[in-house]
Structures are given as structure tokens and as C-alpha cells.
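Enquirer: Chains as they are written, first to last, in this note's numbering: chain A, 1 to 294; chain B, 1 to 320.
Since the hints were derived computationally from the structure, they do not count as laboratory data. Any given hint could turn out to be false.
Claimed, not checked - Ranges of calculated distance between the beta carbons of each label pair, as one might list FRET restraints:
#1 209/A <-> 296/B: 51 to 59 Å
#2 207/A <-> 85/B: 23 to 31 Å
#3 313/B <-> 207/A: 55 to 63 Å
#4 289/B <-> 172/A: 33 to 41 Å
#5 280/B <-> 200/A: 30 to 38 Å
#6 17/A <-> 45/B: 46 to 54 Å
#7 280/B <-> 172/A: 27 to 35 Å
#8 244/A <-> 168/B: 22 to 30 Å
#9 151/B <-> 211/A: 47 to 55 Å
We put the CB at the ideal spot given by N, CA and C, even for glycine.
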Amino acid sequence: MSARLPVFGRLPRGGCPVDDAVVGRCEAIARAIRRRDAVMIHQAGQGHIGGDYSCVDILVALYFAVMDFDPAAPSNPERDRLVLSKGHAAGALYTTFAALGLLRDADLDTFMRPESRLNGHPAVTKVTGVEASTGPLGHGLPVAVGMALAAKLDGSPRRTFVVTGDGELEEGSNWEAMMVAAHHGCANLTLVVDRNGLQQGATTRDTTALAPLQAKIAAFGFEVVNVDGHCYPELIPALAAVGERPRCVLAHTVKGYPISFMVNQVGWHHRVPSADEVARILAELAEPDEGEES
Amino acid sequence: MSEALVDCRDTFARTLIELAAADPRIVVVVNDSIGSSNLGSFQAAFPDRVVNVGIAEQAMVGVSAGLAAAGKIPFVSGAACFLTGRATEQLKIDVAYSRAGVKLCGQAPGMAYGELGPTHHSIEDLSWLRAMPGLTVIVPADPGETAAALRWMAATDGPAYVRIPRLPVPVLPGGNEPFTPGRGRVVRDGGDVSIIATGVVVHRALAAADVLAQEGIEARVVSMPCVSPLDDDLVVACARQTGRIVTAEEALISGGLGAGVARVVVERHPVPMRLLGMDDTLAPTGSETWLLEWAGLSAEGIARAVSELLDDVGPRAGAL
Numbered sequence: 001m002s003a004r005l006p007v008f009g010r011l012p013r014g015g016c017p018v019d020d021a022v023v024g025r026c027e028a029i030a031r032a033i034r035r036r037d038a039v040m041i042h043q044a045g046q047g048h049i050g051g052d053y054s055c056v057d058i059l060v061a062l063y064f065a066v067m068d069f070d071p072a073a074p075s076n077p078e079r080d081r082l083v084l085s086k087g088h089a090a091g092a093l094y095t096t097f098a099a100l101g102l103l104r105d106a107d108l109d110t111f112m113r114p115e116s117r118l119n120g121h122p123a124v125t126k127v128t129g130v131e132a133s134t135g136p137l138g139h140g141l142p143v144a145v146g147m148a149l150a151a152k153l154d155g156s157p158r159r160t161f162v163v164t165g166d167g168e169l170e171e172g173s174n175w176e177a178m179m180v181a182a183h184h185g186c187a188n189l190t191l192v193v194d195r196n197g198l199q200q201g202a203t204t205r206d207t208t209a210l211a212p213l214q215a216k217i218a219a220f221g222f223e224v225v226n227v228d229g230h231c232y233p234e235l236i237p238a239l240a241a242v243g244e245r246p247r248c249v250l251a252h253t254v255k256g257y258p259i260s261f262m263v264n265q266v267g268w269h270h271r272v273p274s275a276d277e278v279a280r281i282l283a284e285l286a287e288p289d290e291g292e293e294s
Numbered sequence: 001m002s003e004a005l006v007d008c009r010d011t012f013a014r015t016l017i018e019l020a021a022a023d024p025r026i027v028v029v030v031n032d033s034i035g036s037s038n039l040g041s042f043q044a045a046f047p048d049r050v051v052n053v054g055i056a057e058q059a060m061v062g063v064s065a066g067l068a069a070a071g072k073i074p075f076v077s078g079a080a081c082f083l084t085g086r087a088t089e090q091l092k093i094d095v096a097y098s099r100a101g102v103k104l105c106g107q108a109p110g111m112a113y114g115e116l117g118p119t120h121h122s123i124e125d126l127s128w129l130r131a132m133p134g135l136t137v138i139v140p141a142d143p144g145e146t147a148a149a150l151r152w153m154a155a156t157d158g159p160a161y162v163r164i165p166r167l168p169v170p171v172l173p174g175g176n177e178p179f180t181p182g183r184g185r186v187v188r189d190g191g192d193v194s195i196i197a198t199g200v201v202v203h204r205a206l207a208a209a210d211v212l213a214q215e216g217i218e219a220r221v222v223s224m225p226c227v228s229p230l231d232d233d234l235v236v237a238c239a240r241q242t243g244r245i246v247t248a249e250e251a252l253i254s255g256g257l258g259a260g261v262a263r264v265v266v267e268r269h270p271v272p273m274r275l276l277g278m279d280d281t282l283a284p285t286g287s288e289t290w291l292l293e294w295a296g297l298s299a300e301g302i303a304r305a306v307s308e309l310l311d312d313v314g315p316r317a318g319a320l
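Bound-form chain A, shown alone:
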């Protein structure tokens, strides 16, 4: 069972126009990342594949088509930054890093093994490219607001993106941070909510309902747009845009996307795919020409 990940080149920034070639390229990168992630989690025997899969397209859009980020100079002070606040999706981040060339494919074989740099949650001190240590929920947004404020103080155009889960927004620290970002006019900040509607134990609706989420975040001073979080022609322009105020992209996603037996299943929050299930995942994520042959 192998799904070795090549390094992919980045697309023109903004990807505009988001034509079929751009979309096809992003989708191919995302398929490769998801394949590698399934194998990595299976080997590790641990991971959060459902939440990984729901945010892969967001990460691909940001790192490959939107952000001013050079994988060859990941510490450039003027880089755009991405804070993955839903740190349990570390698998998605690490595999995306491998696709960017920030990690080697072989590094992924160490995921969650003893002494590995690749914790189950990303650590800023261990992996170049990780912008903030996350895992406990509600930490990424305040840190991202600090990064955005620093850019404003510097008079720099660099941008800060933060990807949160939706269940994560039950943590009050997010709402503190939104008030700070709005008050200080951080138009250089984009909050991307991976709105898959599921959290560890149940749907968000049955836990502590977030709705009306768009109205809440808008009331906290953000410009809010809704997109299909797996649709690059919607994602890329929404993420590339900068407005007058801090921005929120509510990315409507599907946990476990696009695997037929994983989508919208609470259990796939941290269930580990068996060898048979990995084979099915790889088959469903096969490249189109390969798929026709199988």
C-alpha cells in the first residue's frame, strides 16, 4: 500500500482566472494529499482523518494558489501566514507540507511515532512551516490576530489566515479574538471556518448550536462570505479577496469528503481506516485515468 507524494509546483497567486486547468491541478494535488494522509494514518494507527479531509481543499487553495508563501523561504518575515487552529487536522497539514516540499515524504512515515517531529498536533518548535502550536481548540485565532496586528504595526501588506473548525467556535476565546480583530481593523486577517457541521461527539446543531453563524460573525465585525469548501472556483477568489474589515470565509465542507463511506459520519472524527478501507479510499481517490482502468 503506497501513496508516495511528489512535490507539486505552486499555481499563479490568486489563480485567476480559476479556469479548468487551475481547478484540475488543485483537485489532483488534493487527491494525492488525501491518499497519502490515509496511508499515513493507517500506519500510525492514530489520527483524525475526517477533519483532515474536510479541510484539505482549503489548505490546497491557500498554500498553492492564494498565499504569498515560498516553500523555499518558509521563514521569510514578509510571508503570508496560515495558522491551523484545528490542530487535530495535523495530518492534513503535514501531508500538504510534503506536497509543498517543506517535509519529505519519508518524514510522514514517522507520524506520531516516538521522538517524531510530527506530533498528533502541530508544534511550532518542531516543524518549519507550522506557524502556531495548536491542538487545544480556540488558540489559533487569537494568535493569528496578533500576527495580523504585527503586520499592521509594520505597515506590511502581508496577510494572516487562520483555519478553525466549526465546533471549535464553541470556545469563547475565538469571540474575544474576533472583537479584538474588528476593533483594530485587521483587514489583513482572514478567518476560514471549516464548517462541516460535525464535532467529536455529534453534530454542532445537537451540541451547542452555532447557527446563525454568519450573522454572529458578521455582528462581531467581520465581512462574511459563504463558499462550498470543496469547490476551488468558489474557494480561491473568496480567499484571495481583501476587504475593508477582517474577513471570514465560511467554507461549507463535508467531514470525510469525498469518501463514500466516510462522509458525514461522526465516527470518522478519529477512526483509523483498516487496510481494506485504505484500499477503498485509494480507489475512490485514484486519478481519473487510473480509475477508468480499475
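Based on the hints, put chain B in the right spot on chain A.
Expert: Then chain B, alone, in the frame of chain A:
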């Protein structure tokens, strides 16, 4: 020791202004705490370098970690009780675990808020923050130690926490030395017992030594501004050379200076000890000075504890 009392909050404001003038990366982050941090003069001098997040300590610490990650040197200043209690996980994850260069300044530490009650006291901070690897924890005793701590924090990568004393204190002898992590200093020598103290308790320990001298007991007094990491070698030297140790702090002894010193003593050179401070109790209503006395941290209280220890364990066998 000069008898004139000094407000270390003035030292805090003056030193931060001096540091910020020299380093444009320095910013101040507050939680509506400009006044309580005595930072009005800083705000007047550097209006664009103050980030007020409002009454939101989790955001305050997280935002500061982000500022540090993006090249700033944030000095975060708020009431010690809220800064450390309300944002403990941010201190653990965003600051200590991430080794972010966040400079935490706890105002009105210990029982400085006196009559406001235990909700506003910060006697747990040393226990909580000493538990965080890589976070330097500093409890200055006087203006010299306060300024030295701030200068070191500004010049050093990585996170640190400093308590800014609210109760006016006298200037201690030799207090203008540069701060060195893991280093304490002997402010009065003596061979019968060591009183290892920190913060506003140090000058009370010195006064206790005066009382004890009248009883024929020569007490060494150590100021330990760095309570994490501790000056292990100085603790061991005190154990070897004086044979008895009393610690004194305006904090919970279960995780503060007392616990730290006791661990070193037990592991490296066991001697009889007493730990003075707060222990599994909540303070009644009273001013800070009254509460220090209530907790046995006045000069008389410390002297009494030393005398009782020496009475209980008797004279030590043969000094080195």
C-alpha cells in the same frame, strides 16, 4: 538598606519606556489595564505601541504570542490574578510550549489587592508558572531587581513572567546587579540559619535577621528573584553552610519558592526546613500589609518561625 520606600510600578513604567525607546520591536499589550499597570506615561510616549485588547485575557496572551511570532517583543501587563488564572492554557500552549518571546508582567501580585479579597489575589501564579518548562519566573524584591528583570527580558529570546510589586519596598543592598536566570544573591550573611525569600518579603526577612541578631542568632538572608529556574547551587550552599533553611514568599508554598527549595534540599543536602507562605487556605479580609502579618510574613513572624525551628531541631552538629 535605605529606609525610603519606593513604588516598583514607577520603575516598571520608566524602564519600559527606556527599553522601548531603544528597541522599536517592543510593544505593550494590556487588558484595559493601562492605569492599573501605571502605563499612562508609556501610552503618552508610544501611543501606537499599545495594544489594548479589552477585558479578554485569553485573547491578550494569544495575541501577544502572535505578535512575538511576527517579530515583536510584547510586554503583556495585567493584574497577575487574571493574567495567570484566566489565560493559563494560553500561557501553557501559546507561550511556554511554543517558546514564544512573550514578556508577562503580573501587576498587584500576591495579596497586593488586599481587601478586594481572594478573587483578586494571585498566590497561585508561582505554582502554575513554575510548572511550565522554559518559562522563567521572576519575583523582584526592589526597584533594582525589577529594572534588572525587565532589561533581561527585553534582551533575551523566550518567555518570562515577572511580578511587579505593588507594595512600596526599600532599596536592598547590591540590588543593581544584572539579572541572571537561576541566580539568587546573599543580601546578608550569617551562619546559623538561611532565610531564602523572594519579592516584597525579602526586606522583611532582613528585618527578621535584625531581630534574630538580638537573640544571638546570625541569619543569612538570600534574595531569590528567579524562582524558576532556582539557584540550586546557592540553596545547597545554604544547606551545607547554615544547616537550617526557612523559605518565605507571598505565594502558595505547595508549588512556589518553598516547594522548589525543599526539592533541592531533599535531593542534594537534607536539612531541617520551614516553609513560610500561604498553605491550603484563603485569605481573610485585610490590607496586604495586614495579610502578610497574618500569614506570618512580617519581620516578627519570620523571626519567630526561625526561632521555633532552631528550638525544635536544636543546634546543628558542627558547622563546616
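Enquirer: Looking only at beta-carbon atoms, does the pair residue 289/B, residue 172/A fall within the given range of 33 to 41 Å?
Expert: holds, 37 Å
Enquirer: Regarding residue 280/B and residue 172/A, is the given constraint of 27 to 35 Å on their beta-carbon distance met?
Expert: holds, 30 Å
Enquirer: Is the distance from the Cβ of residue 209/A to the Cβ of residue 296/B consistent with 51 to 59 Å?
Expert: Since the Cβ atoms of residue 209/A and residue 296/B sit about 53 Å apart, the hinted range of 51 to 59 Å holds.
Enquirer: Quick check on a hinted range of 46 to 54 Å for residue 17/A and residue 45/B, using CB atoms only.
Expert: holds, 50 Å
Enquirer: Is it true that the C-beta distance of residue 280/B to residue 200/A lies inside 30 to 38 Å, as the hint says?
Expert: Given range 30 to 38 Å: holds, Cβ gap about 36 Å.
Enquirer: For the pair residue 151/B and residue 211/A, does the Cβ-Cβ distance stay inside 47 to 55 Å?
Expert: Since the Cβ atoms of residue 151/B and residue 211/A sit about 51 Å apart, the hinted range of 47 to 55 Å holds.
Enquirer: Do residue 313/B and residue 207/A keep their Cβ atoms within the hinted range of 55 to 63 Å?
Expert: Holds: the Cβ-Cβ distance is about 59 Å, inside 55 to 63 Å.
Enquirer: Is 22 to 30 Å a correct range for the gap between the Cβ atoms of residue 244/A and residue 168/B?
Expert: violated, 49 Å
Enquirer: Kindly confirm whether 23 to 31 Å is satisfied by the beta carbon distance between residue 207/A and residue 85/B.
Expert: holds, 27 Å
Violation of the numbered hints given earlier is confined to hint 8; every other hint is satisfied by the structure.
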